[in-house]
Amino acid sequence: MTRIGTSDLDVFPLALGGNTFGWTSDEKTSHDVLDAFVASGGDFVDTADGYSSWVPGNSGGESESIIGSWFAARGNRGSVVLGSKVSQHPDFRGLGGANVLAAADASLARLNTDYIDLYYAHFDDAATPLEETASAFNDLVVAGKVRNIAVSNYTAERVAEWFDIAEANGFALPVALQPHYNLVHREAFENSFGAIVAEKQLGVVPYYALASGFLTGKYRSADDFGKSPRGGGMGAYLNDAGLGVIAALDEVASAHGVAVASVALAWLRGRPGIVAPLASARTTEQLPDLIAAATLELTADETAALDAASATF
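Going by this note's numbering, the first residue of the sequence shown is number 3, and it counts up by one from there.
Be aware that a few hints might be false.
[Said to hold, decoys possible] In silico DSS-like cross-links for lysine-lysine, where the CA-CA straight-line distance does not exceed 30 Å:
#1 K202 - K147
#2 K30 - K202
#3 K220 - K30
[As the list claims (entries may be wrong)] Ranges between beta-carbon positions, derived for each pair:
#4 A104 - D309: 42 to 52 Å
#5 D309 - D12: 27 to 37 Å
#6 S137 - E253: 46 to 56 Å
#7 D303 - E189: 17 to 27 Å
#8 G237 - V144: 44 to 54 Å
For the record, the hints were derived by calculation from the structure and aren't laboratory data. Ideal Cβ placement from N, Cα and C applies to all residues, glycine included.
Between the sequences and the hints, there should be enough to build the whole structure, so can you do that?
Shown next as structure tokens:
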């Protein structure tokens with residue numbers, strides 16, 4: 003188990019993403035995935051109020067509703083650490099104070115719970131004064147509706163500004179950060195966030211941990227794009243540098259007798275400040291490779307080889 007920043011939350015070192023729930027996974031399949039994740043020792047589930055509003059016929063909140071129906075059916079809310087996010091639901095866009103409070107109540111209703119363990123500001127809202135947003139998040143903590151607050155898709159400068167405002171006003175401080183970070187997307191995080199993550203003891207829960215599937219090794223040519231609804235996003239990685247990373251992953255995976263995805267997640271789990279990489283599973287069959295990453299220990303030489311292969315990213 004690992005501690006999320008300065009919070010009192012100890013979690014399994016892999017977070018299960020709920021972005022597929024209500025999209026590529028229907029309710030029954032989603033429940034099966036959640037059941038299998040918990041049965042394997044997992045306890046950290048991540049979603050957002052906007053999931054999966056991009057699907058034709060959906061209106062947003064489908065993922066939260068599916069997780070909520072699972073809580074109701076299993077009676078296990080107290081044993082799961084739940085993260086959700088605000089600012090992208092079609093009915094609750096942005097981070098104005100009143101909007102944040104209303105969106106949180108809507109999420110709680112969908113989730114069949116009276117509290118969220120880790121509540122993220124999903125995307126920065128430049129149109130709203132940051133003090134207004136930080137105040138609203140603090141109000142949710144004071145009300146007991148949110149246990150801890152976090153930020154996602156903010157610049158390091160804006161994270162620092164949130165801390166300055168919170169410390170000046172006695173507001174609850176963020177405890178976690180959810181950035182885009184993986185073996186083929188390193189520079190943006192490593193060059194910007196290292197100092198503030200260390201200074202503020204933020205727990206990092208990186209998304210796109212498998213680069214939308216590229217780091218599973220199943221995309222090695224343009225012909226492979228049809229293997230997944232997200233396959234079209236592989237074009238940025240399908241080049242000599244990207245395939246060099248896959249080759250390095252292949253070598254380490256072979257040495258350990260595990261899947262490429264397990265190695266990619268284990269590398270990420272070992273980076274400074276990382277609490278739990280975030281990965282999603284469309285079916286239960288995809289889960290074992292993710293779970294294996296939680297206990298896979300890479301040697302120093304293996305880590306160095308992966309570092310070198312991914313250095314240009």
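*Where does the structure disagree with the numbered hints, that is, which hint numbers, in rising order?*
Number 2 - this is the single hint that the structure violates.
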